[in-house]
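So the protein sequences, as listed, match chains A and B. Residue numbers in the first sequence follow my numbering, run continuously in steps of one, and reach 339 at the last position. Residue numbers in the second sequence follow my numbering, run continuously in steps of one, and reach 269 at the last position.
Hints are computed from structural coordinates only; laboratory data are not their basis. Some hints could be false.
Restricting the straight-line Cα-Cα distance to at most 30 Å, the calculated cross-link-like pairs of lysine-lysine (BS3-like) are [unchecked claim]:
1. A:K26 - A:K224
2. B:K55 - B:K100
3. A:K144 - B:K55
4. B:K33 - A:K224
5. B:K100 - A:K26
6. B:K33 - A:K144
7. A:K72 - B:K100
8. A:K26 - A:K72
9. A:K224 - A:K72
So, partial list: chain B residues that the calculated Cβ filter (under 10 Å) puts toward chain A [said to hold, decoys possible]:
10. R18
11. D69
12. E101
13. D104
14. P109
15. I133
16. A217
17. N219
Predicted model, so just to flag it, every value in this text is computed and none were measured. Think of the CB as a built atom: it goes at the ideal place given N, C-alpha and C, for glycine as much as any other residue.
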Amino acid sequence: MAAIRGNGRVSAPAVEVSDLVKRYPKSPVNAVDGISFAVTPGEVFGLLGPNGAGKTTTIGMLTTRVRPTSGKAMIGGIEVAADPVRARSLLAVVPQRSNLDRSISVRRNLTFHAAYHGVPAAEATRRADELLEQFGLLDRADVKPDLFSGGQSQRMMIARALMHEPMVLFLDEPSTGLDPAARLFVWDRLRELRTRGVTLILTTHDMHEAATLADRVGIMDHGKLLALDTPEALMRGLSGSSTLELSVNATGDGDGSARLAGALGTLPGVERVEPLHDEQGNGQTDQWLLRLYVSGEASQLVGPAATLLAERGIELSGVELGAPTLEDVFIALTGRTLR
Amino acid sequence: MSAAVAAAPAPAHVSQARAFTAVLRRDVYVTGKELPVFLAQVILQPLFLLFVFGKVLGSLGYTQHGYSDLLFPGLLALTTVITGMQTLAFPLVVEFGWTKEIEDRLLAPMSTALVAAEKVLFASLRAMIATSIMIPVGIIVLGSIPWRWSGVPLLVLALVLGSLLGAGLGLVMGTLVVPQRINIVFSLVFTPLLFTGCSQYPWPSLSRLPWFQVVTACNPMTYVSEAMRAALVPSVPHIAPWVCIVVLVGSVSALMVVGVRGFYRRAID
């Protein structure tokens with residue numbers, strides 16, 4: 001596979017995985033079961049899936065820490081398993097849990113990381129200053145990373161990862177456990193990286209994060225890639241998950257909610273109507289809530305539904321439109337079972 | 001895949017040697033910052049052994065004159081092996097098991113075997129420095145130490161092999177032991193190692209306790225003690241130096257093979 005970049009030149013994918021399989025010894029099933037995908041340079045790629053779906057193993061194989069059973073994992077045209085040393089020089093990993101070096105200061109964490117990657121000392125110092133500044137860490141630069149909050153550790157690890165200017169940056173659950181401000185901060189930094197052309201691969205089970213950041217999302221479960229597309233296309237493809245919720249006030253001897261539901265179900269584009277609950281008001285008025293699952297745009301149904309209600313003398317008291325979220329896509333593909 | 005794949009933007013060359021020295025520099029830097037702790041950690045135990053067995057018991061007349069002369073090379077051996085082992089095993093278990101600090105080095109552009117080799121080299125260096133410090137400490141505590149310039153080459157050889165032996169033991173323990181068991185394993189390994197390594201008695205004299213002589217012959221540290229004794233107090237009966245060296249080279253090689261294999265198992269799934 002190759003991607004056509006804006007300048008018309010054909011360039012190698014930043015990341016390419018083909019028929020990748022990992023089976024752990026003594027396991028009856030494949031942890032990763034023959035997945036293939038390619039990520040173009042500068043793309044933000046989200047890998048979504050429930051716990052145990054195989055995301056971490058997939059990332060492990062791309063980052064030289066897990067040996068594939070079969071298939072290929074490539075970074076910048078280099079086969080990871082065949083030349084792990086070179087692959088390591090092209091990638092960086094930001095894990096979910098801090099793995100910062102607690103024996104040395106934050107600044108030294110950055111400069112030693114650069115030294116491992118062969119960045120000359122003067123250049124490393126310059127980059128460290130720049131990144132510490134950019135990530136709001138300058139005031140704590142000379143402290144050991146022992147007692148830092150999750151958000152600070154996360155920022156430090158991203159800063160450290162950028163010290164050798166990797167081509168591909170892997171982030172595992174980049175904002176899990178962060179407070180909202182820290183999360184927005186991290187997201188902003190990640191967007192900046194993308195504008196600089198760094199390829200980002202993030203694993204997450206935060207749908208909002210995936211929908212906000214990722215250009216494309218792959219949904220994994222049981223070691224397989226179930227879907228791969230832009231978040232918008234995935235959501236569009238999920239039929240019947242646009243919803244229209246109607247709250248109505250009906251007089252006591254009006255239509256029963258089941259009969260009303262039946263009538264609404266005949267409107268064009270409505271796939272299913274679900275009466276949610278009948279609230280006993282002050283005894284005179286029933287408050288009904290009905291949810292319509294719609295195949296097209298839910299907003300187009302507001303008019304016909306209101307007309308139908310008016311014809312039956314039912315007062316409409318509230319309307320709520322629901323668009324499908326990535327979460328709906330995720331649930332539709334992977335199911336609701338906890339594991 | 002397309003045939004038109006542009007040249008990968010890989011760096012012009014990846015220097016594993018540079019990564020290796022940078023990781024070594026990091027370890028040296030951390031030791032430098034924690035120098036008093038390092039010195040206390042390595043010196044305290046042999047210092048007290050030297051003081052109690054060499055000085056106190058001798059002054060009270062419980063040990064024969066000359067005992068401190070055969071004890072001193074044994075304690076050099078003990079310091080070498082134990083320091084090498086501790087320097088490697090404890091941090092390795094913690095880094096693999098809890099802090100995951102080692103990950104940044106495992107992702108450095110160098111082969112995983114080199115990450116293990118750096119650990120071994122650094123632990124050996126620390127062991128050799130700690131042992132060298134024992135020489136002035138011995139002079140201060142005992143007043144004088146047995147010394148033979150002609151024995152120095154053998155002493156240095158035993159020092160190098162002994163520190164590699166300690167590092168090898170540390171590498172094997174640090175990678176094979178699961179973090180939850182480290183306390184148990186250390187107490188089960190450490191104490192027997194300490195007392196069956198012939199540091200406090202010469203091996204040939206154990207002929208009166210044949211079963212214990214067999215036990216001590218199985219502890220590779222015995223051969224470090226015996227070689228150092230051969231170097232510094234050749235008048236005390238000892239195992240022939242060439243036997244010591246052959247056994248040590250064999251033990252170090254075996255430990256490195258098992259240790260590096262264990263390291264790979266922990267580093268790569």
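Hint check results:
| no. | hint | verdict |
| --- | --- | --- |
| 1 | A:K26 - A:K224 | 20 Å, holds |
| 2 | B:K55 - B:K100 | 44 Å, violated |
| 3 | A:K144 - B:K55 | 43 Å, violated |
| 4 | B:K33 - A:K224 | 49 Å, violated |
| 5 | B:K100 - A:K26 | 25 Å, holds |
| 6 | B:K33 - A:K144 | 13 Å, holds |
| 7 | A:K72 - B:K100 | 27 Å, holds |
| 8 | A:K26 - A:K72 | 22 Å, holds |
| 9 | A:K224 - A:K72 | 15 Å, holds |
| 10 | R18 | 5 Å, holds |
| 11 | D69 | 40 Å, violated |
| 12 | E101 | 5 Å, holds |
| 13 | D104 | 6 Å, holds |
| 14 | P109 | 4 Å, holds |
| 15 | I133 | 22 Å, violated |
| 16 | A217 | 37 Å, violated |
| 17 | N219 | 32 Å, violated |
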